[in-house]
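Asker: Each chain, written out:
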Amino acid sequence: MVVMTFWTVRNFQLAPDFSFSNWVTILSADYVWDAYARSFLGAGLASVLVTLLAFPCAYYLGLKASPRVRLIGACLIMAPFFTSFLVRAYTWRTMLGDQGVINAILGWFGFEPVQMINNLFGSIIGYLTLVMPLVLLLQLFSLSAIDRRLIEAAHNLGCGPYWAILRVVVPAAKTGIILAAAFSFVLAFGDLISPQVLGGSNPPTLSILIVDQVRGGLQWPRAAVIAVVMVLTLITVVTAAMVMTYGGNRRQSIRGKS
Amino acid sequence: MGLFLLRSYVVLIFLFIFAPILVSFVFSFSENRFPSLPLTEYSLVWYQRVLDEPAFLDSFKRSLTVAGWTSVLSTCLGFGGAYVDYRYRFLGQKVYVALGIVPPMIPVLILGVAMLIFLSRIGLSGAQHSVVIAHVVLCTPFSMAINRLKLSQMDQNLEAAAWNLGATPWATMRTVILPFCLPAILASFFITAAISLDEFAIAWFVSGLEETLPVRVLNLVARQSSPSVNAIGSFTFTMSLTLIILAQLVLIVSQRRSGRNE
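First to last, the protein sequences are chains B and Y. According to the numbering used here, the stretch in the first sequence is residues 8 to 265, in order. According to the numbering used here, the stretch in the second sequence is residues 5 to 266, in order.
Same shape as in the complex, but just chain B (with noise of 0.2 Å):
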């Protein structure tokens, strides 16, 4: 824990020489710039993705599934926790490679070989294996939270299904759905694996800048500001996101209250 403290300030401590050429060379570079701009959309995208398609079916087992059943899609949702992500991203590099299987059952439809990997789609497949488990899990968790008879009053009140998800259930779990979408930006910004396994890794994110500096260049330093410039993108991020929840649901909880 005491350790964590050292990255706030390591880059001053690791140049004897107290200079900013470290910071300049990066922050002037284009090609940082560019990765930045990759990783930030990239990780965004699959945020935003995850949240939407994890919702529907955590809202099934939250909701409308029994509770046996929710019990073991929990204990289901929990099973990927416990596999290594990087044998999962091979092993969605060999379904999806040009001979891999998903183009083999394309290939008996008629269809040409898709390039699935080495490009966004690949890295976006990755992100979202590595989200899905824990972005499902805390919908979950947000959504059996809800009061059921909210819903049943706005079924009464005349509202359809559609209207009522919408209208009453997406505001009740609010906290947990953006809790969950910040918790996948968070994983998808510093993850290494999907865009070097599944996205061909050129060009790059700022995860494999951060491992070619380290390895490659040595440049201890670069990597360090690199990582400072995360770190303070995802704090940033996360704070947003805490004020939107917190935020918006003020006027709830008082009203909770009364």
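Just to be clear, a hint being listed does not mean it is correct.
Among chain B residues calculated to face chain Y with C-beta under 10 Å, some are [as the list claims (entries may be wrong)]:
| # | residue |
| --- | --- |
| 1 | Pro-87 |
| 2 | Phe-89 |
| 3 | Arg-95 |
| 4 | Gln-203 |
| 5 | Ala-230 |
If you're looking for bench data, these hints aren't it; they were derived computationally from the structure. Just so it is clear, CB atoms sit at the ideal spot from N, CA and C, and this is done for glycine as well.
Given the coordinates of chain B, assemble chain Y onto it according to the supplied hints.
Answerer: Same frame as chain B, but now just chain Y:
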């Protein structure tokens, strides 16, 4: 109709989650180098290949050693940290608890760089023990959370009662608190071992030439495609799962027992 669609969607999502795990299992038994449909020959050739290569066995042993040390150390630290938080009220307690949950929030990659820079600064980088140190930093918060949860279920008066009956603080610790927390301690032991066994990003940075198994796999994947990865993956998955199930069983059994006592 709508419910049916929803159900099929749920199945689809679960397929997405489990496809890589299942396929990895299946492929690990396929003889073909680039597995594709239809699967042709089944064999154990990739498991054989893994076992024949001394580098794998070395890294596997190293992983086990690291996981063992990590789980012991981070469980001790985690229990101590949780106990301090439970027992005492002190200035900056909120900061202390917040610091305890920081490491899991930081991407492991960045934690890896930070650990590399820090450890090489104090001359401990590039060896097996540096991976242990880094993993202890990563795992201790989990252990702390588990132990804190268990401690919060304990009756605060138990400790005071033991003191009144003449027990020294150490005797209280040994005969009252530790037995109560034993399930949590065992659970944290298994879970931290499982985390450490799977972790590759931090280990990749700080291990230097002494690769652990996941690092070995990462290097393998980065270079070429080799179905040995599937074999290793299936194997480690089975192992992690066993650890976790053991941890769960211990928890369940202890809950049953305490339920019966009450």
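Asker: Hint by hint, note whether the structure agrees.
Answerer: Right, here's what the structure says about each hint:
Of the supplied interface hints, the one on Pro-87 of chain B holds, with its beta-carbon coming within about 6 Å of a beta-carbon of chain Y, less than 10 Å. Given hint, Phe-89 of chain B at the interface with chain Y, holds; its Cβ is 4 Å from that chain's nearest Cβ, closer than 10 Å. Among the interface hints, the one on Arg-95 of chain B holds; its C-beta lies about 4 Å from the nearest C-beta in chain Y, closer than the 10 Å criterion. With 10 Å as the threshold, the beta carbon of Gln-203 of chain B comes within range of chain Y, its nearest partner Cβ sitting at about 7 Å, so the hint holds.
For Ala-230 of chain B, the interface hint holds, since its Cβ comes within 10 Å of a Cβ in chain Y; the closest pair sits about 5 Å apart.
Figure legend: structure checked against the earlier numbered hints; every hint is met.
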